[in-house]
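From first to last, the protein sequence lines stand for chains A and B.
Using the numbering used here, the first residue of the first sequence is number 1, and each one after it goes up by one.
Using the numbering used here, the first residue of the second sequence is number 1, and each one after it goes up by one.
Note that these hints are calculated values from the structure, not bench results.
One should not assume that every hint holds.
[Said to hold, decoys possible] Now the stretches of chain A that chain B is said to cover, found in silico as 3 or more residues with beta-carbon under 8 Å:
(1) 23-35
(2) 43-50
(3) 75-88
(4) 112-124
Since the structure is predicted, the reported quantities are computational estimates derived from the model, not experimental observations.
Glycine included, each C-beta is placed from N, C-alpha and C at the ideal position.
Protein chains: 2
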Amino acid sequence: MTRPSLSPTPRSTIQRGKKHAVTDRAALDAVLDAGLICHLSVVADGAPLVLPTGYGRDGDTLYLHGSSGAHTMRAAAGTDVCVAVTLLDGIVYARAVFNFSVNYRSAVIHGVAVPVTEPAAKLHGLRVLTEHLAPGSWDHAREPNARELAATTLLALDLTEASVKIRSGPPADDDEDVAAGTAWAGVLPVRSQWGAPEPCPLLPEDIAVPEHVTNRGW
Amino acid sequence: MTRPSLSPTPRSTIQRGKKHAVTDRAALDAVLDAGLICHLSVVADGAPLVLPTGYGRDGDTLYLHGSSGAHTMRAAAGTDVCVAVTLLDGIVYARAVFNFSVNYRSAVIHGVAVPVTEPAAKLHGLRVLTEHLAPGSWDHAREPNARELAATTLLALDLTEASVKIRSGPPADDDEDVAAGTAWAGVLPVRSQWGAPEPCPLLPEDIAVPEHVTNRGW
Numbered sequence: 001m002t003r004p005s006l007s008p009t010p011r012s013t014i015q016r017g018k019k020h021a022v023t024d025r026a027a028l029d030a031v032l033d034a035g036l037i038c039h040l041s042v043v044a045d046g047a048p049l050v051l052p053t054g055y056g057r058d059g060d061t062l063y064l065h066g067s068s069g070a071h072t073m074r075a076a077a078g079t080d081v082c083v084a085v086t087l088l089d090g091i092v093y094a095r096a097v098f099n100f101s102v103n104y105r106s107a108v109i110h111g112v113a114v115p116v117t118e119p120a121a122k123l124h125g126l127r128v129l130t131e132h133l134a135p136g137s138w139d140h141a142r143e144p145n146a147r148e149l150a151a152t153t154l155l156a157l158d159l160t161e162a163s164v165k166i167r168s169g170p171p172a173d174d175d176e177d178v179a180a181g182t183a184w185a186g187v188l189p190v191r192s193q194w195g196a197p198e199p200c201p202l203l204p205e206d207i208a209v210p211e212h213v214t215n216r217g218w
Numbered sequence: 001m002t003r004p005s006l007s008p009t010p011r012s013t014i015q016r017g018k019k020h021a022v023t024d025r026a027a028l029d030a031v032l033d034a035g036l037i038c039h040l041s042v043v044a045d046g047a048p049l050v051l052p053t054g055y056g057r058d059g060d061t062l063y064l065h066g067s068s069g070a071h072t073m074r075a076a077a078g079t080d081v082c083v084a085v086t087l088l089d090g091i092v093y094a095r096a097v098f099n100f101s102v103n104y105r106s107a108v109i110h111g112v113a114v115p116v117t118e119p120a121a122k123l124h125g126l127r128v129l130t131e132h133l134a135p136g137s138w139d140h141a142r143e144p145n146a147r148e149l150a151a152t153t154l155l156a157l158d159l160t161e162a163s164v165k166i167r168s169g170p171p172a173d174d175d176e177d178v179a180a181g182t183a184w185a186g187v188l189p190v191r192s193q194w195g196a197p198e199p200c201p202l203l204p205e206d207i208a209v210p211e212h213v214t215n216r217g218w
């Protein structure tokens, strides 16, 4: 199936830094799949509210979840939300303060967060979320029971209205600053990696760390 | 000077996961000082909008900046904003899917973003921002000129209304799941570090990477 390009609406059209805009669906998927957490923004009592939260992607659907009692989940359910997933790749040192920047991959999604309540659909969405956060864990750990399902709100967000921005490479300085040659310029990369797994102290000592944890790619 | 504890208002009072709430001003400062970018949320045309952006802290003031033409900056100036700084420290693998979590340090600030236009104050705020993003750079690089200052919007946000949440340590599973002993549980730490500096290709080859870049702590 051919997937369409991102079709910007006015609010998902990148106004600044257009040269960093990417309109390829695959780029959106790649940013979402590479991130671990998102920032979910809602309007609560007329004011903006943004909180970090977990997510997972299945095709053109982004799943978000949280405690059923959480203020943000209640404020988000059935209303307009905005979700950002940001990967910081480096600090861009320029010759002029004005041209300092960061290298990054950024996805911003707008849409209505629709509560998912049908049991099979909810289990599916939670599986997607869990497998995004911790691949291989859904079949390894105990599945949610009825009480736990009730205590969890699952929201689905369509990925139709989204924008992607990516910046990479060296600083963009003015010719005069390059010619002056008075400052260093370049990129200091930011790298993320896994540390050594830290087993729960309540585990029996002879339990090995499973492969889905030890072999997790970044 | 003794700084007061964080004094929660209704919207900055942590409703869920209260056990992870921290009300120490020093904890707020530590999270903000450890982060590199924030997520700035505003209400634009009645809908939430969240974007990643740079910031810097000076005492009880958080500075944000962006292009003067940026939609977010225009929407944020003089109005309620919400800013989140999130540090992801690890993935928490639990024995039950329901108890999967992340270890993190999170700060959320509410307030009115006040434009800073007085030239000396603006230069000060931009210095704070630049030194947060790239310590040692303000005195190394060329300062902003009048045109660049005009092209930059600087916003100041008071840190009075803020909340901090920190989760660390192993998963919190139910006793029955611990006793069943059928799944591995523990934390897979997430580590961030600097890569090797990548000099701008336009630099003369004999220019050494300066100490404020090579010696940057994490």
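Against the structure, the hints come out as follows:
1. Counting residues of the region 23-35 of chain A whose CB lies closer than 8 Å to any CB of chain B gives 0, which falls below the minimum of 3, so the coverage claim is violated.
2. Judged by the Cβ-Cβ criterion of 8 Å, the region 43-50 of chain A is covered by chain B as claimed, because 8 of its residues qualify and three suffice.
3. With 7 residues having a beta carbon nearer than 8 Å to a beta carbon of chain B, the region 75-88 of chain A meets the requirement of three or more and the stated coverage holds.
4. Counting residues of the region 112-124 of chain A whose CB lies closer than 8 Å to any CB of chain B gives 0, so the stated coverage by that chain is violated, three being the minimum.
Checked against the numbered hints above, the structure breaks hints 1 and 4 and satisfies the rest.
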